[in-house]
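Chemist: Chain residues, written in single-letter form:
There are 2 protein chains.
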Amino acid sequence: MQWISNYSIIAAPPTRPEDTMPKKNAFYAQSGGVTAVINASACGVIETARQHKSKIGKIYAGRNGIIGALREDLIDTGKESAKAIAGLKSTPAGAFGSCRYKLKSLEENRAEYERLIDVFRAHDIGYFFYNGGGDSADTCLKVSQLSERMGYPIQAIHIPKTVDNDLPFTDNCPGFGSVAKYVAVSTREASLDVASMCETSTKVFILEVMGRHAGWIAAAGGLAAEHEGDPPHIILFPEIAFSEEKFLKKVESTVKRNGYCVIVASEGAQYKDGTLVAASSHTDAFGHKQLGGVAPTLAALVKSKLGYKYHWALADYLQRSARHIASATDVEQAYAVGKAAVEYALAGKNALMVTIERNEGKRYGWSLGAAPLDKVANVEKKMPRDFISRDGFGITDKAHHYLTPLIKGESYPEYKDGVPIYTRLKLVSVAKKLKGTFDV
Amino acid sequence: MQWISNYSIIAAPPTRPEDTMPKKNAFYAQSGGVTAVINASACGVIETARQHKSKIGKIYAGRNGIIGALREDLIDTGKESAKAIAGLKSTPAGAFGSCRYKLKSLEENRAEYERLIDVFRAHDIGYFFYNGGGDSADTCLKVSQLSERMGYPIQAIHIPKTVDNDLPFTDNCPGFGSVAKYVAVSTREASLDVASMCETSTKVFILEVMGRHAGWIAAAGGLAAEHEGDPPHIILFPEIAFSEEKFLKKVESTVKRNGYCVIVASEGAQYKDGTLVAASSHTDAFGHKQLGGVAPTLAALVKSKLGYKYHWALADYLQRSARHIASATDVEQAYAVGKAAVEYALAGKNALMVTIERNEGKRYGWSLGAAPLDKVANVEKKMPRDFISRDGFGITDKAHHYLTPLIKGESYPEYKDGVPIYTRLKLVSVAKKLKGTFDV
Numbered sequence: 000m001q002w003i004s005n006y007s008i009i010a011a012p013p014t015r016p017e018d019t020m021p022k023k024n025a026f027y028a029q030s031g032g033v034t035a036v037i038n039a040s041a042c043g044v045i046e047t048a049r050q051h052k053s054k055i056g057k058i059y060a061g062r063n064g065i066i067g068a069l070r071e072d073l074i075d076t077g078k079e080s081a082k083a084i085a086g087l088k089s090t091p092a093g094a095f096g097s098c099r100y101k102l103k104s105l106e107e108n109r110a111e112y113e114r115l116i117d118v119f120r121a122h123d124i125g126y127f128f129y130n131g132g133g134d135s136a137d138t139c140l141k142v143s144q145l146s147e148r149m150g151y152p153i154q155a156i157h158i159p160k161t162v163d164n165d166l167p168f169t170d171n172c173p174g175f176g177s178v179a180k181y182v183a184v185s186t187r188e189a190s191l192d193v194a195s196m197c198e199t200s201t202k203v204f205i206l207e208v209m210g211r212h213a214g215w216i217a218a219a220g221g222l223a224a225e226h227e228g229d230p231p232h233i234i235l236f237p238e239i240a241f242s243e244e245k246f247l248k249k250v251e252s253t254v255k256r257n258g259y260c261v262i263v264a265s266e267g268a269q270y271k272d273g274t275l276v277a278a279s280s281h282t283d284a285f286g287h288k289q290l291g292g293v294a295p296t297l298a299a300l301v302k303s304k305l306g307y308k309y310h311w312a313l314a315d316y317l318q319r320s321a322r323h324i325a326s327a328t329d330v331e332q333a334y335a336v337g338k339a340a341v342e343y344a345l346a347g348k349n350a351l352m353v354t355i356e357r358n359e360g361k362r363y364g365w366s367l368g369a370a371p372l373d374k375v376a377n378v379e380k381k382m383p384r385d386f387i388s389r390d391g392f393g394i395t396d397k398a399h400h401y402l403t404p405l406i407k408g409e410s411y412p413e414y415k416d417g418v419p420i421y422t423r424l425k426l427v428s429v430a431k432k433l434k435g436t437f438d439v
Numbered sequence: 000m001q002w003i004s005n006y007s008i009i010a011a012p013p014t015r016p017e018d019t020m021p022k023k024n025a026f027y028a029q030s031g032g033v034t035a036v037i038n039a040s041a042c043g044v045i046e047t048a049r050q051h052k053s054k055i056g057k058i059y060a061g062r063n064g065i066i067g068a069l070r071e072d073l074i075d076t077g078k079e080s081a082k083a084i085a086g087l088k089s090t091p092a093g094a095f096g097s098c099r100y101k102l103k104s105l106e107e108n109r110a111e112y113e114r115l116i117d118v119f120r121a122h123d124i125g126y127f128f129y130n131g132g133g134d135s136a137d138t139c140l141k142v143s144q145l146s147e148r149m150g151y152p153i154q155a156i157h158i159p160k161t162v163d164n165d166l167p168f169t170d171n172c173p174g175f176g177s178v179a180k181y182v183a184v185s186t187r188e189a190s191l192d193v194a195s196m197c198e199t200s201t202k203v204f205i206l207e208v209m210g211r212h213a214g215w216i217a218a219a220g221g222l223a224a225e226h227e228g229d230p231p232h233i234i235l236f237p238e239i240a241f242s243e244e245k246f247l248k249k250v251e252s253t254v255k256r257n258g259y260c261v262i263v264a265s266e267g268a269q270y271k272d273g274t275l276v277a278a279s280s281h282t283d284a285f286g287h288k289q290l291g292g293v294a295p296t297l298a299a300l301v302k303s304k305l306g307y308k309y310h311w312a313l314a315d316y317l318q319r320s321a322r323h324i325a326s327a328t329d330v331e332q333a334y335a336v337g338k339a340a341v342e343y344a345l346a347g348k349n350a351l352m353v354t355i356e357r358n359e360g361k362r363y364g365w366s367l368g369a370a371p372l373d374k375v376a377n378v379e380k381k382m383p384r385d386f387i388s389r390d391g392f393g394i395t396d397k398a399h400h401y402l403t404p405l406i407k408g409e410s411y412p413e414y415k416d417g418v419p420i421y422t423r424l425k426l427v428s429v430a431k432k433l434k435g436t437f438d439v
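Top to bottom, those sequences are chains A and B. Here numbering that gives the first Met the number 0 is used: the first residue of the first sequence is 0, the next is one more, and so on. Here numbering that gives the first Met the number 0 is used: the first residue of the second sequence is 0, the next is one more, and so on.
Next comes chain A alone, as it looks inside the complex:
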């Protein structure tokens, strides 16, 4: 682990040497949509913190994320065996519970932040490890800022996690590599299926994938292709304005040439004016639209305009929980960022996000760095244009080069009776110390 970065804007935050630090408890929480490897980060945090008993006392986790802190509903991870904690490395989803709960701005709801500080103070918590995406980076930053002003300093370290791969300043985000692998593998497999049957059956197959406003996950479908012209024949990115005409033309020419056409469509695919190709009317707690429905919309379009028989798949949660096909690189990095978060905290760092940095050189290698939270919060990193082919329907060699190492390696869980053994924690509650309740 190095305190280095390719990003010039990164400045070292104030540092407090480890030997002058009083022993404090730690708080860890999972935030937002879970992944196949967020528990590997939890494992990295807890195993590392357990090795520093002179500096870190209890390690608490928020039940269901930050609302566990607001409700003073803490889990004592000390009650979990070393074996159970180790098992987190191969267990998908959020073992402590996660939540979609965005704290309002300080101006709008200062009481929530003050409540957090109160809970941290009551439980002598000096380290706040927050494992999430862009929104939680923002929360993490605010906690750090307010705690200082309230005279109870908290070292807040953000541990990156998002399948959408859209956090800035990090080469990639833990959670993404495993979804990317799932999408690449599934696309290769389903394409073989369609190719087998296209003479008399399905001509067009559409796989709808996650990724919100960034096309990273859809791009990973491109890794299914081994040779030029292999499926997927069309990838729809949110970054490229969707044109019905161009799309239908490409579908038709592909079917005419190959007998079938495989499409990987991002849920965030949109028209030039920003209208989603298909958007449901739901909006989540962060104010984001709940996406989904691109595949059936495209299928209907293909059927009505070209008359081809179609099939489509919507993997939904299957893709982000598929620990059975997780990327070994992703698992390793997810663990490492959790470990590094603790090490940064012990080195006196504050208000930063751990980052993954790609080494220079032809062979893939990575190290860890950090970025200040005030630069990270609420920035979305989309696919660069030169990762997308000129016609907007595929990925370039540059994208291939970037993506391939992230899905490399298989990290299989153990199995019993044909299904993976996933860890169940005891999740023992910590006795409350504050009077009254706090509604969230």
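Bear in mind the hints are in silico, worked out from the structure with no lab data behind them. One thing to keep in mind: the hints can contain errors.
Just so you know, same-sequence chains aren't split out, so a pair can sit in one copy or run between any two.
[What the hints assert, rightly or not] In silico PhoX-like links for lysine-lysine, alpha-carbon gap of 25 angstroms or less:
| id | residue 1 | residue 2 |
| --- | --- | --- |
| 1 | LYS308 | LYS103 |
| 2 | LYS255 | LYS103 |
| 3 | LYS308 | LYS101 |
| 4 | LYS103 | LYS22 |
| 5 | LYS271 | LYS380 |
| 6 | LYS23 | LYS434 |
Given chain A, put chain B in place with the hints provided.
Modeler: Below, chain B alone, put in the same frame as chain A:
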């Protein structure tokens, strides 16, 4: 391999001793929806036939299934290396192409059958290995019958294949175990995801699975549960009449008790009067309705009546092509039925389907047998009522006992750059011998 069966109706067909048999070529074709392991059966056929060069000459495959025979579009498998053929064992989908093409009855289209015999005669084919489900068993039988009447005897052996697990006289069908494993694993993983987030997000998750009119694949979702009360909380079988009222009551009580509810719904789920819970208007070449759409229908029902936030997944082709998570038992059996088909043919058998038979005793074991095709064709084996729990929403211990061994063992393909290495064949065409063409 034994010529035995638990089914008393099975009678040995006429037998011709191997040493009196002239050397003949063989024809192999894949039929209907492909699976993660149908190529393992192809591998079993070809590798075994290659060991009997004194009896079996060329081994041809139909390009895109039986229509390859009708069009005299044959593939010479002799042009494929031993390594390529071995690679079929870990390659999903139909390497020679499959089709949805049901031959009409002899009365309706005798020309098609005569054409088949003509092609077989022209290429000196004496063995017909047909790898498919119930419809292809019927075709296989007719070819055998007509060939005899036309004075060009063909030994027709049916190699069972269907993810729907609905063939009679065999304990299970190759292809099913791997889908079952995919569904069990995916249900376990997605359930952890939903459980992590349910406090503030999705309360109801629905996974729609294949299976047509039989609930076997949906039942496999039940293997995700380790303990009583574990997800999935509801399984919807085609065999149990769907009642909106009972369903909604169960969803509501489950959410109230657990905070969330996971549902595995068969595409064939139907009301008491036989109306599908959701049916598209498409009909395939076999006259079967193209199913799909149960999940969004149920989701809309849950939302409108109970107001819960939902998510749903439709794995579609992903489930049946998921060689990356194939059941080792399934792979082994798929290979074995292909091998046995050749051995039965060499033993002079005709007009039969290879069956898998479960050994008596507590520990799972299996052997091979056979059933006469005239009993097999067009019979659907549904889930027995005592495999389904009393309330109709789960599986019993008996079902668990039946299903578990079928998904046991992992049979991982090799990987390169993060994606599985799947075999590509050369698919070299055999020169045509007949004049004129035949339209299909």
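Chemist: Take the hints in turn and mark each one as holding or not.
Modeler: Here is how each hint holds up against the structure:
1. Taking identical chains as interchangeable, the C-alpha atoms of LYS308 and LYS103 lie at most 25 angstroms apart only when they sit on different chains, with a minimum of 22 angstroms there against 47 angstroms within one chain.
2. For the homomeric pair LYS255 and LYS103, neither the shortest alpha-carbon distance inside one copy (53 angstroms) nor that between copies (29 angstroms) is at most 25 angstroms.
3. Taking the shortest alpha-carbon separations for LYS308 and LYS101, only the inter-copy value of 18 angstroms comes in at or below 25 angstroms, while the best intra-copy value is 43 angstroms.
4. In this homomeric assembly, LYS103 and LYS22 never come within 25 angstroms of each other (Cα to Cα): the closest approach is 31 angstroms inside a single copy and 81 angstroms across copies.
5. For a Cα distance limit of 25 angstroms, the shortest separation of LYS271 from LYS380 inside one copy, 19 angstroms, qualifies, whereas the shortest one across copies, 51 angstroms, does not.
6. Within a single copy, LYS23 and LYS434 get their C-alpha atoms as close as 22 angstroms, which meets the 25 angstroms cut-off; across copies the closest is 88 angstroms, which misses it.
Going through the hint list in order, the structure does not satisfy hints 2 and 4.
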